[in-house]
Amino acid sequence: MIDRKFINFKQKNIISIYTGIFLIFLSLIFLFLKSFINIDLLSFLPSSLKLIFYFTSGLLGFYLIRSEKSEIKIIDIINKNSNNNNLNGFLTLCILFLIILITPFILSWFILDANFSGNTRDECTGEGACWTYVKVWLNRFVYGLYPNEEQWRINLSFISLAILGCAGLFAKEKFKKFLTLYYVVIYPFLSFLFIYFLISGGPIFFDFSYGIIAAVLSLIIGLFVPKKLKFYYFLIVPISIYIYLKYFLFYDELIELGKVNGFNWVETGAWGGLSLTFIVSFFCLIFCFPIGMMLALGRRSSLPVVKFFSIGFIEFWRGVPLITVLFMSAVMFPLFLPEGMFVDKLVMVIIAISLFEAAYVAEVIRGGLQALPRGQYEAAKSLGLGYWKMHIFIILPQALKLVIPGIANTFIALVKDTPLIFVVGLLEIVGMLNMAKTNPKWLGFAMEGYVFAGIIFWIICYAMSKYSYNLEQKYKTER
Amino acid sequence: MKKVFPQLLTLILIFLIIGFFTFNANVNMSNRGMEFGYSFLKRAASFDIQFSLIEYSRESTYARAYLVGLLNTLLVAFSGIIFATFLGLIFGIARLSPNFLISRFAGFYVEFFRNLPLLLQLFFWYYAALRVLPLPHETEGFNNFYLTIKSLYTPSLVWQNLNIFLYLLIFSILLVFILKNYLKKIQEKEGRQYPVIYISIFILIVIPSLSLISGISSFEVEYPVYKQLSKTSGTFIGGLAIPPEFISLFLALSLYTGTFIAENVRAGIEGINKGQKEAAASIGLNRKQILNLVVLPQALRIIIPPTTNQYLNLTKNSSLAAAIAYPDVVLVFAGTALMQTGRAIEIVSITMFTYLSISLSISIFMNYYNKKFSLTEK
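Note that the protein sequences, when read in sequence, are chains A and B. Heads up, the first sequence is in the numbering used here, so the first residue is 1 and it goes up one at a time. Heads up, the second sequence is in the numbering used here, so the first residue is 480 and it goes up one at a time.
One chain only, chain B, in its complex shape:
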């Protein structure tokens, strides 16, 4: 053990700072008659949340409100990630296109959205772009989709015995994984190749739809119907109502993050040596095999780590929801609940811990991925 003294000094300094803050917090809280504790989570929240995925009412507890916020955060993050990946893939590939117009167009998209603050984009969508939409009674709709200033009304599916369908879906996904590994082993042993993709698509479609065919679970499509409330106002009933807060957050997050993913994709494809493709062609692989066996595995190795980072950024950036009143975990918990209970330390620490655990679990996964897939050269 070398250099004990500077380490000890650092340790003492850290403890002094922590001690100083805890001492102050104790004094301050006892002065204000506040107690530290998480028991408030069991009390009734008594505030409304506009948009929730699970059942929630004013009588629900603070813990339930937290759960609603968390689910809303995860919802917008998840859908944003999917759309951002889609955009990133398309524009990343388009940027490398030999077509001058297409590559310029993709470059314009990337440079334009990347250099604007996300908050500004969010405000633009929410306060400017979505405000020019028509009122419910003025809209004409498109195939039972009604985009109004209040919400986007879409048809929804009303399920019966949804859980059986989902169990079958999960089962078929597991089956595909097992089958894939098994076929890979056979291929390594015998050298014969099977059309894995077609088999897995077949399994994924057929097994869950068995429940529909047999009639155990079923669904109906529910369409939004216009209802006149008074002469100049009306609303839609039924169907699914997606609030503008969600739409603008979704658009801003995915358009913004899509630019970064596009850059990652471009870097990944550019990072592959041309010799790799030529070598693969010279040993007699066809175009599809070159792409699947040589180019993609190497490109993904470059693309995936920074892209996971972008997914993480998107999830963290979804906390900007608080600025436009989308009820995510920050707004519901660190906003409304904090105002009502005044328990700053507990609530802020829970909120931070939520994000911290999401990002730490992803970075643990990334470390695992890097260790498993990183090139071991020399």
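This is chain A alone, in the form it adopts within the complex:
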């Protein structure tokens, strides 16, 4: 009895399924032909009826192929996924139509009708994008107004920084324990040196001589420092001696001499493009993380002054938009500096963005600290660890592991915020696009520029989010 019913059910459906497939195929192929090859098989119908035809034929098809179980595997999958009721079938159809309608347009704009050749505006005759524009301006989009013959300095420093950054991955087992020190202290310092000497072209000779003087002096004094404090001593004193020598002792002479020595000085105002995006985001990432960590600890501190200072600081920066912060650093901050003192725009921007993002990082890390069970603190204390040892070895590693996604989101937000530095007149890639757009020779290609920058930013941000996801999976521990 049951068997016969089942067979009937199947036989009744097999015809309707094939009719349904045919109807769906019909509506899709008609639309496909119309949008890809511009052949309108329904040209005899008025336009409103055409629309009704596409939808009724598609919907009827989806209705007909809907069955409990057909023998065809693909139909079963489609039914289970995208066709389990009328609404779902309708939405599926809408998205299919959308894809068919949009694809040829995008294809032709991006590739088929686009112009790639030539070096002048006249080459761009097609309907599609004018990639010639991007090709011609690529140099500016990447290096900004940096002089052409000096651009190898940017390339060299970025390549060497990338190699130095990867160096940690190949470290031998023996050196693994120094990796944190390397990435937190040495690598940022090295990158500063590269950017200062190579990209900016600081006065090399004098800087090195000051460095040698500072090193020798601090070594000699260091002999008399008690062993306990030696680490802190060498962390702080050599750099402060160096800064004292450089900026307070021979400042005026140095400006004159500096111009003679080293590479040609390239002002930060001439930096720009993608390289500036990288520089700003790199330094802000490096600075905002430790500041944010200290603020997060400060907010949970038992000392009221530290606690309220941290709360006030965090809430202030989180409460204002970045653009007003940059406005402040551009128009208000110079008033707060001593007369004659001048802080470079780029330095000011990096400080402002770092402080701004640090507040967000602090809140993320605080979430991680709060999520840790109290037993961890108590266990650490019962081992006799002090505040700093407890946090560095027990609490922070666990808390940071918990908040990897949050920190990654903040970092991605930071990268996406870098275009805002146009407020102080620095032109990174979006700023350069706006400049190129107004060039009288190349008017009317705004779209290409924004799409180009969009692709670059999208790849960077998407890669960051995927990387953070991998990190999260890697450090996930069952609790």
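None of these hints come from the bench; they were simulated from the model. Each hint should be verified, as a subset may be incorrect.
30 Å max Cα-Cα, derived DSS-like pairs, lysine-lysine [what the hints assert, rightly or not]:
1. K174(A) x K389(A)
2. K753(B) x K69(A)
3. K629(B) x K756(B)
4. K850(B) x K401(A)
5. K389(A) x K482(B)
6. K401(A) x K476(A)
7. K227(A) x K482(B)
8. K476(A) x K756(B)
9. K441(A) x K767(B)
10. K230(A) x K482(B)
11. K482(B) x K307(A)
12. K172(A) x K466(A)
13. K851(B) x K753(B)
14. K174(A) x K135(A)
15. K753(B) x K80(A)
16. K69(A) x K756(B)
17. K482(B) x K381(A)
18. K474(A) x K753(B)
19. K466(A) x K850(B)
20. K80(A) x K767(B)
21. K177(A) x K476(A)
22. K668(B) x K851(B)
23. K34(A) x K230(A)
24. K710(B) x K441(A)
25. K80(A) x K756(B)
26. K482(B) x K228(A)
27. K753(B) x K476(A)
28. K753(B) x K401(A)
29. K177(A) x K228(A)
30. K307(A) x K850(B)
31. K307(A) x K753(B)
The structure presented is a predicted model; accordingly, all values stated were derived computationally and were not measured.
With chain A's structure known, arrange chain B on it following the hints.
The following block gives chain B in isolation, referenced to the frame of chain A:
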């Protein structure tokens, strides 16, 4: 009181830094012959603002200009929030759909718009996408809506005695709140349920429309009419003109923030244990009751706090308006007014204080909400 010394040290350090800056500011300002004070707010602003919700002219004061900017900021933030919530809800739910195509489509939207800088999106809409629109004399229009490169012209409502209508509206909203609480009390006492939603919709529609029916307040629809200025140029008169700055800011803000809200919605729905639904079904609740009494209250508890944060972000991000010359508070006040008066400290502090007070009031509300609605486990 333990550890007085490090605290004292921090305090002294903070005061030293503040003192250093104030001292410098004093010296610098006296050198330049500048005075500190907010009296300039009462002077005439003497600059034009393209788009304002309240009456404003060149003779108006700086304070008035500030108000215009603030209202413009609030307008774009408010409309952006509504549309972003709409997008977020739809795409957040769509991302969980069993339909492969729909969930992929929603995922594509989220991943695409989330990973592009907001400023880039804003420039894209303003300088690239909206620039391909036709000129006023070339447009055909759609049902009295004219989308041109200059503005979006739509029909507008001309009200008579709008205030009476609004008072009635506010009154009916209050009434709905009171009624809701009252019916809830009855339900707790007697266990009987009333169709609260239908009653409140009824009240919200009927009471304000009383003023229209009785003829005390009325409105007419004003359509934009094309007017030829010369052979090749023309403009529309009448109706409502929405400037492209507003449209692009609105689109960029809501599309960008919508992705984050979609993620929040998804997390909220995914965060509910399947057992909750099954338990609710097993005690005999129907589908609607499960959704209203079990799923939504728990999902909202997860969704609302991060979503409020996103609303706040949208409001702060609306300051990017300065980049495309939409007259918001940053452009009008920290831009034009600052250029004219040169009072950097006063103006930047007012601007920052504005945003700070908006976000602090929202975070105070959030703290209250969290305290009231957070789960108290164990």
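Hint check:
no. : hint              : in the structure
1   : K174(A) x K389(A) : holds (23 Å)
2   : K753(B) x K69(A)  : holds (27 Å)
3   : K629(B) x K756(B) : violated (52 Å)
4   : K850(B) x K401(A) : holds (27 Å)
5   : K389(A) x K482(B) : holds (18 Å)
6   : K401(A) x K476(A) : holds (8 Å)
7   : K227(A) x K482(B) : holds (26 Å)
8   : K476(A) x K756(B) : holds (29 Å)
9   : K441(A) x K767(B) : violated (63 Å)
10  : K230(A) x K482(B) : holds (25 Å)
11  : K482(B) x K307(A) : holds (13 Å)
12  : K172(A) x K466(A) : holds (27 Å)
13  : K851(B) x K753(B) : holds (25 Å)
14  : K174(A) x K135(A) : violated (47 Å)
15  : K753(B) x K80(A)  : holds (21 Å)
16  : K69(A) x K756(B)  : holds (28 Å)
17  : K482(B) x K381(A) : holds (18 Å)
18  : K474(A) x K753(B) : holds (28 Å)
19  : K466(A) x K850(B) : violated (35 Å)
20  : K80(A) x K767(B)  : holds (24 Å)
21  : K177(A) x K476(A) : holds (21 Å)
22  : K668(B) x K851(B) : holds (23 Å)
23  : K34(A) x K230(A)  : violated (78 Å)
24  : K710(B) x K441(A) : holds (29 Å)
25  : K80(A) x K756(B)  : holds (22 Å)
26  : K482(B) x K228(A) : holds (22 Å)
27  : K753(B) x K476(A) : holds (24 Å)
28  : K753(B) x K401(A) : holds (28 Å)
29  : K177(A) x K228(A) : holds (20 Å)
30  : K307(A) x K850(B) : holds (21 Å)
31  : K307(A) x K753(B) : violated (41 Å)
Of the numbered hints stated above, those contradicted by the structure are hints 3, 9, 14, 19, 23 and 31, listed in ascending order.
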